[in-house]
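Visitor: Quick note, the sequences are listed as chains A and B, same order. Here my numbering = 1-based position in the first sequence + 39. Here my numbering = 1-based position in the second sequence + 39.
Warning: the hint list may mix true and false statements.
[To be verified] Derived list of chain B stretches under chain A, where covered just means 3 residues or more per stretch with a C-beta under 8 Å from a C-beta of chain A:
1. 129-142
2. 153-160
3. 307-316
[As the list claims (entries may be wrong)] Restraint-style ranges between C-beta atoms, simulated for each label pair:
4. A:Ala245 / B:Asp269: 46 to 56 Å
5. B:Asp110 / A:Thr348: 23 to 33 Å
6. A:Gln135 / B:Asp269: 35 to 45 Å
7. B:Gln311 / A:Phe147: 32 to 42 Å
No wet-lab data here; the hints were simulated from the structure. The structure presented is a predicted model; accordingly, all values stated were derived computationally and were not measured. By construction, the Cβ of each residue, glycine as well, lies at the ideal position given by its N, Cα and C atoms.
There are 2 protein chains.
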Amino acid sequence: MKATYMYGSGDVRVENVSYPTILKPTDAVIRTVVACVCGSDLWDYYNFPAGRERVAKGHETLGLVEAVGADVKNFKPGDLVVVPFVASCGTCDFCQMGLQTSCRSIEFFGHDGGAALQAEAARIPHADGTMVKLPVAADSPLIPSLLTLSDVLCTGYHAAVTAGVRPGDTVTVIGDGAVGLSAVIGAKKKGAERIILVSRHEARSALGREYGATDIVTERDAEGIARIKDLTNGDGTHRVLEAVGTQSAIDMAIAVCRAGGSVGRVGAAQYQNVPLDFGTIMRNITVTGGVAPARHYIEELMPDILDGTINPGKMFDMTVGIDDIATGYKAMADRTAIKALVQF
Amino acid sequence: MKATYMYGSGDVRVENVSYPTILKPTDAVIRTVVACVCGSDLWDYYNFPAGRERVAKGHETLGLVEAVGADVKNFKPGDLVVVPFVASCGTCDFCQMGLQTSCRSIEFFGHDGGAALQAEAARIPHADGTMVKLPVAADSPLIPSLLTLSDVLCTGYHAAVTAGVRPGDTVTVIGDGAVGLSAVIGAKKKGAERIILVSRHEARSALGREYGATDIVTERDAEGIARIKDLTNGDGTHRVLEAVGTQSAIDMAIAVCRAGGSVGRVGAAQYQNVPLDFGTIMRNITVTGGVAPARHYIEELMPDILDGTINPGKMFDMTVGIDDIATGYKAMADRTAIKALVQF
């Protein structure tokens with residue numbers, strides 16, 4: 040079967056590998072219906088570490104169960120499932136508290152020895168703890184939206200949940216990629232009254248408005264901070280959802296956060312430090328967030344997709360086949376596509 | 040009347056100044072019963088900025104109302120009151136949300152042009168918004184404990200509240216000064232099951248145990264981190280209350296915080312940055328806390344003092360008169376006293 044590997048900066052290849060099989064009684068094997076390329080897949084696309092071996096790619100998938108191990112109770116061949124971006128046991132203390140990304144038996148996809156999910160099929164460890172059954176057919180028009188439950192929609196929502204967005208809040212969303220746009224959806228779901236999206240890309244800010252953004256700020260850094268302060272009587276916003284991960288983005292997030300407010304950070308930190316100095320002590324700024332336990336949010340968010348309340352699948356503005364996945368990487372790296380769907 | 044001023048590093052003087060009077064209709068004038076020296080009073084004691092004018096000292100007081108302005112509705116001469124460490128209007132949006140330290144009409148004591156509260160009397164701005172009446176006589180044995188409502192007890196409690204200490208939690212408290220010891224009281228009030236106090240000072244750790252600490256860790260930095268990990272099966276604690284404010288203390292706080300946990304920081308930050316890198320994103324670490332809105336907590340904490348549940352007044356292990364206040368500063372700076380009470 041075909042699977043995606045990265046060999047170096049900008050060097051994405053599709054290779055034939057052996058078909059996955061059940062290795063443990065808790066495994067399942069799924070045949071992919073759709074997968075996609077994540078903003079985080081671009082980290083090593085931009086800058087592949089010298090001397091590193093090839094890396095299996097992809098951690099977002101939706102597919103049909105083909106086989107299950109002897110201990111798998113909740114799934115059978117033919118079930119359509121979405122797979123969150125890490126595999127988690129579902130029974131340890133962290134899974135029970137809803138923090139499946141700290142599962143004591145966590146297994147990764149797309150790196151650290153985990154399977155490539157940008158592939159025609161995949162072995163899913165901890166199938167009962169990890170996978171979620173979908174109540175639609177594999178050709179439903181809702182499939183792209185349901186695929187976003189594997190990562191970006193839940194990641195954006197995690198920013199809003201951890202930051203504690205409440206009805207009536209003002210919210211700044213920093214970042215107009217798929218996670219930032221999902222954070223807009225999350226902030227709206229939590230009742231934000233005003234959502235300021237930092238974006239300088241017209242197609243993205245238009246989709247952001249469709250998702251609930253009330254204001255677009257195109258400036259960054261000091262100018263962007265001043266603009267958001269202007270929009271909020273000098274106070275900043277109650278919540279800031281940081282969906283980029285650069286030093287500039289987190290610095291801006293802290294600066295535009297209102298006294299007593301909070302920053303939910305879900306951008307994968309490329310920075311080492313957050314500027315939480317004496318001034319932020321005086322302002323009682325909270326910094327929260329982290330890698331999203333997508334598994335925890337899937338059942339909560341799925342109904343909004345099924346009933347049409349939200350349409351996160353619109354973020355897929357490019358569709359490729361597995362053979363052309365490298366063009367999807369390139370388009371996202373060039374920012375000509377928000378997010379590329381891989382159709383099998 | 041006598042009031043305390045600092046002129047330089049280690050140079051604390053008591054001077055005669057004119058008696059305070061009502062300047063605004065919302066003011067009160069109180070005659071001091073007890074005041075005290077705060078750990079934060081030592082910042083400029085250690086390192087007074089060159090070229091700075093003298094600074095009025097003291098922001099914790101308890102006294103008898105002598106006079107009130109025409110608009111003061113809740114107090115009359117003779118009332119015994121405790122005064123939190125900033126004056127707040129009680130009516131703006133920040134005061135209404137319980138963040139009086141961000142009051143839109145905030146006035147400070149002890150610096151920024153505010154009155155010295157280490158003084159025989161003081162003008163209290165925003166009397167109705169700021170002061171809280173005490174249901175005891177001025178010679179009650181509870182007076183030292185009630186004085187801690189002006190700052191340290193509420194500050195320690197704020198760490199526990201913002202960090203979200205819940206029944207059954209494990210908690211690390213970094214710092215064995217009056218705020219750290221108050222954080223132990225706060226963690227216990229919130230139901231912590233295990234409270235690890237980082238302290239290498241015997242008298243302080245003994246009082247910490249009395250207040251609810253279950254474990255004492257005497258090591259700092261890497262050794263202290265390893266010790267706390269050992270005590271918690273390698274996980275760290277659910278909550279960390281940081282009551283020091285140095286880079287070393289906040290670094291340790293982050294390192295010993297359990298995945299999904301939170302750090303409540305109330306130590307006045309002498310650092311510029313908190314090490315919130317990619318690893319802390321993966322662990323979903325929250326950093327919260329800040330300067331405590333003491334006014335918000337006074338009514339909640341006072342009953343615990345009145346009924347004897349807590350005895351924070353035991354932190355005052357030295358009592359001085361106003362003429363000898365410099366000896367109180369020196370003892371605290373030398374760490375021979377936890378906290379000095381000034382008896383008038």
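Visitor: Hints first: check each against the structure and report whether it holds.
Guide: Each hint, compared with the structure:
1. By the rule of at least three residues with a Cβ nearer than 8 Å to a Cβ of chain A, the coverage given for the segment 129-142 of chain B holds, with 5 such residues.
2. Only residues whose C-beta sits within less than 8 Å of a C-beta in chain A count toward coverage, and the segment 153-160 of chain B has 0 of them, not enough to reach three; the restraint is violated.
3. For a cut-off of 8 Å, the count of residues in the segment 307-316 of chain B with a CB near a CB of chain A stands at 10, and the three-residue condition holds.
4. Distance hint check for A:Ala245 and B:Asp269: the Cβ-Cβ separation is about 54 Å, which falls inside the suggested range of 46 to 56 Å.
5. Restraint check, B:Asp110 to A:Thr348: a C-beta distance of roughly 51 Å breaks the suggested window 23 to 33 Å.
6. At about 24 Å, the beta-carbon gap between A:Gln135 and B:Asp269 misses the expected band of 35 to 45 Å.
7. A hinted range of 32 to 42 Å for the beta carbons of B:Gln311 and A:Phe147 is consistent with their spacing of about 34 Å.
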